[in-house]
Amino acid sequence: MSWFLNLIYLVVLFGLSPWLIWRMLRKGRYRRGRRAKLFGLSESLPAGAVWFHGVSVGEIHLLRQVVAAFRKRYPDLPCVISTTTDTGFDEAHKCFPGLFVFPFPLDFSWAVRRTLRRLCPRLIVLAEAELWPNFLMAAQRQGVPIAVINGRMSPRSLRRYQRLGPLPRWLFGKLDLLLMQTEHYARGVRILGAHPERVHVTGTVKFDGVRLDRRNPDTHFLREMLEVKDGERIWIAGSTQAPEEEIVLGIWQRLRIYHPTLRLFLVPRQKDRFEEVAQLLERSGVAYARRSSCADLGTPVVLVDTIGELGALWGLAEVAFIGGSLDGRRGGQNMIDAAAFGAAVVFGPHVWNFAETAARLIEAKGACQIADAGQLETVLRLLLEDAAERQRLGTAARDFVLSQQGATEQTVALLGELLEARRLLAA
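Just so you know, my numbering puts 392 at position 392 of the sequence shown, and the rest follows in order with no gaps.
Please keep in mind that the hints were generated in silico from the structure rather than gathered at the bench. Incorrect hints may have been included.
Here are the computed lysine-lysine pairs in the BS3-like style, where the Cα-Cα straight-line distance is at most 27 Å [what the hints assert, rightly or not]:
1) K174 <-> K37
2) K37 <-> K271
3) K37 <-> K94
4) K94 <-> K72
5) K94 <-> K271
Please take these sequences and the hints and turn them into a complete structure.
Take a look at the structure:
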């Protein structure tokens, strides 16, 4: 089976090569760790590490508290971190100083086998799941258990997997432990073929890693850097996708007439779109600055063109719009960080990536869900004019986040049980 998969991957890689080369030359993407991705890890490390993998920045962030809790409970077990994207690689180095960080290999049989031989891990932990057939087969042959933590299975993902025939049953059947965020997600992976006794519902790890205090050092630093003054109203639109920036900017321009101290911080989801959004702001004629400039940041509009700061930035928001929820393609982004800071959270109708969190937040009266751009403007206008309602929404959101904490402790305990079971089997 491996040779057939390798052939498919090579054909796809060859077909995509003009696009990949263009992205590499134009945007500087896919340059880091190419050899390790294509041919596997070259470094030899002491055997027996626990290998944690997060695809990109979001998964790396949720791994912070899991790895910290795991190392506290098992201080003698070394940990290593892998990631797929360039931005994830940079963020992993920031989040895990002192730990070995490396690129996750492409799913060629030679690359995954070499990486596994170099590491000889005793456990592989995948954040929210990234399942590749050659990787799973190689790990199984080497006798390395694989766990998925903070797992989710959106309706869209479930439908896509079901179109693949028997492959999902084979994939999910090879996983030794699946720690899912909700019972709904757990039911999805059972449908796809995961062994029921290996599936557990632990809640969402992201609730444990959030900051609740707006006076934390990172948020304070951003307050000073962005020259936020007492009495200014801050609206943050975070993790936005096209055309949300244009929609938000138009609403801000109209609301600013009635609320002259209203400032807008725009945070596009993808680094690749920073220039595109900067050009939009340039055409609009508004006074704006780019966060990366580190100067003259007291402008009415700031384009936050940096990676990894949004989590702390939410601590400045009176009103928070969660991006990727209006376009109908992305399925929404994480609203937990903004809710934890007690911001008045607003998101659009398309939040299937966080469907249960969004539904429960609304049920707790801690967020507003709007149907379209017109309703977004109406709700923003009401929230800016009603301080009591903003406060009520923010307090309810923060209380909801506090009520959901505890997933990290349960996750680490179950990972420990898996390690112990494997140790007893090997004894």
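Report task. Hint by hint, work out which the structure violates, then give me just those numbers in ascending order. Result -> none
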